[in-house]
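Here the protein sequences come in this chain order: A and B. Heads up: the first sequence begins at 1 in UniProt numbering, then just goes up one per residue. Heads up: the second sequence begins at 1 in UniProt numbering, then just goes up one per residue.
One should not assume that every hint holds.
List of simulated lysine-lysine pairs, DSS-like, C-alpha gap at most 30 Å [claimed, not checked]:
hint, chain 1, residue 1, chain 2, residue 2
1, A, K124, B, K206
2, A, K188, B, K174
3, B, K192, A, K206
4, B, K174, A, K9
5, B, K174, A, K51
6, B, K106, A, K51
7, B, K60, A, K9
8, B, K124, A, K206
9, B, K174, A, K49
10, B, K51, A, K174
11, B, K49, B, K135
12, B, K9, A, K135
13, A, K51, A, K135
14, B, K67, A, K2
15, A, K9, B, K49
16, B, K51, A, K206
17, A, K95, B, K49
18, A, K49, B, K95
19, B, K174, A, K50
Hints are computed from structural coordinates only; laboratory data are not their basis.
Letter by letter, the chains look like this.
2 protein chains.
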Amino acid sequence: MKLVDLTVKDFVEVLGSDAPAPGGGSAAALSAAMGISLTKMVCELTIGKKKYAEYEDEIKLVFDETKELQQHLLHAIDADTEAFNVVSAVFSMPKETEEDKAARRKAMQSALEGAAESPFNMMKLMVNALEVTKKAIGKSNTNAASDLGVAALNLKAGLQGAWLNVLINLSGIKNEEFVAQHRSEGEKLLAKGSLLADEIYMETLKVV
Amino acid sequence: MKLVDLTVKDFVEVLGSDAPAPGGGSAAALSAAMGISLTKMVCELTIGKKKYAEYEDEIKLVFDETKELQQHLLHAIDADTEAFNVVSAVFSMPKETEEDKAARRKAMQSALEGAAESPFNMMKLMVNALEVTKKAIGKSNTNAASDLGVAALNLKAGLQGAWLNVLINLSGIKNEEFVAQHRSEGEKLLAKGSLLADEIYMETLKVV
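In isolation and in its complexed conformation, chain A is listed as follows (with noise of 0.2 Å):
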């Protein structure tokens, strides 16, 4: 079953109890998926008001953006915890012969690349949905103005919750070069979608 088809409450309690996953990264997904969503909200509150029947054709283009973004986001919510249960299913592998080992260290690097490279994804789709919430802010309707404060929180609760979980597995692969090439692009991600973020929480204070 996908995580995405349980009640918000059993995946609440799912989540808050000791089975290895769903974790950190699928509450990111969700955390990310709920900000976008909240875009698209106030964009179909704006679209035919004609109070801002001139960013019309603009917030057409940016609900069509949070439409999509929404999608992939909900996709990452199971994605996620599929990569971590392949990182899972190593630790069942046998250990007896040197070869047993040397085959569980390599399918263990290679699980943890993908376990890294989903939330490394997930921060991609985040600051792309910030950008795209950016666009909404001075052009939509203002009587949602907190919904759309609430966006970018949550989107970037995500992006620095999906940057925890880029790292701690970055910590165990030893392919330097991907882990140099993820931790600086990471990096860059986090810097770019948290400054997004504040500027449209900050821009959305002063309207409500």
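Start from chain A and add chain B according to the hints.
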């Protein structure tokens, strides 16, 4: 049907729709519910482990607190939308006579106070959840350090998001004493909780 009984996918999709509720308040509550659940998970991954035996009693107490807060925050997801629905219902009250209008104004003031109280009460739970999460720092399974970090991030996003929802509702309330008291106490909760969240995040960054 309660929001917590929707599937995660349906909740995210109804959040992103132009249905008036749920909005940012319920999203903030779910962020925080995920946050405290991750703290609960970290406690479970610590209890019974030899390495953390000296903290066992303390972490068991933290665990009990996380269980209770998890249920309160799950409850807040629906409570916030219910409070918002009371505001929506006022819009369909008659406004023909002067008496109608007076009754409508009175009902709106009462509804807005309820809609401000809801995220305000959430903020108290969230600050409490951050205090509880902080107790686990340095005394819990470091393999799950990133999860404790994501807990703090989600609780902070929830806290800031709830605050935006307090503010947007206060802006329509005429009872100056109510507004002043909630604004002043809310600012204190926001400052206290944000500091706690940042401390926890920085501590986990050192470990991952």
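For each hint, the structure was consulted:
no.	hint	in the structure
1	K124(A) x K206(B)	holds, 24 Å
2	K188(A) x K174(B)	violated, 46 Å
3	K192(B) x K206(A)	holds, 21 Å
4	K174(B) x K9(A)	violated, 36 Å
5	K174(B) x K51(A)	holds, 26 Å
6	K106(B) x K51(A)	holds, 28 Å
7	K60(B) x K9(A)	holds, 23 Å
8	K124(B) x K206(A)	holds, 24 Å
9	K174(B) x K49(A)	holds, 28 Å
10	K51(B) x K174(A)	holds, 26 Å
11	K49(B) x K135(B)	holds, 17 Å
12	K9(B) x K135(A)	holds, 25 Å
13	K51(A) x K135(A)	holds, 17 Å
14	K67(B) x K2(A)	holds, 24 Å
15	K9(A) x K49(B)	holds, 28 Å
16	K51(B) x K206(A)	violated, 49 Å
17	K95(A) x K49(B)	holds, 23 Å
18	K49(A) x K95(B)	holds, 23 Å
19	K174(B) x K50(A)	holds, 29 Å
Against the hints set out earlier in the document, violations occur for numbers 2, 4, 16.
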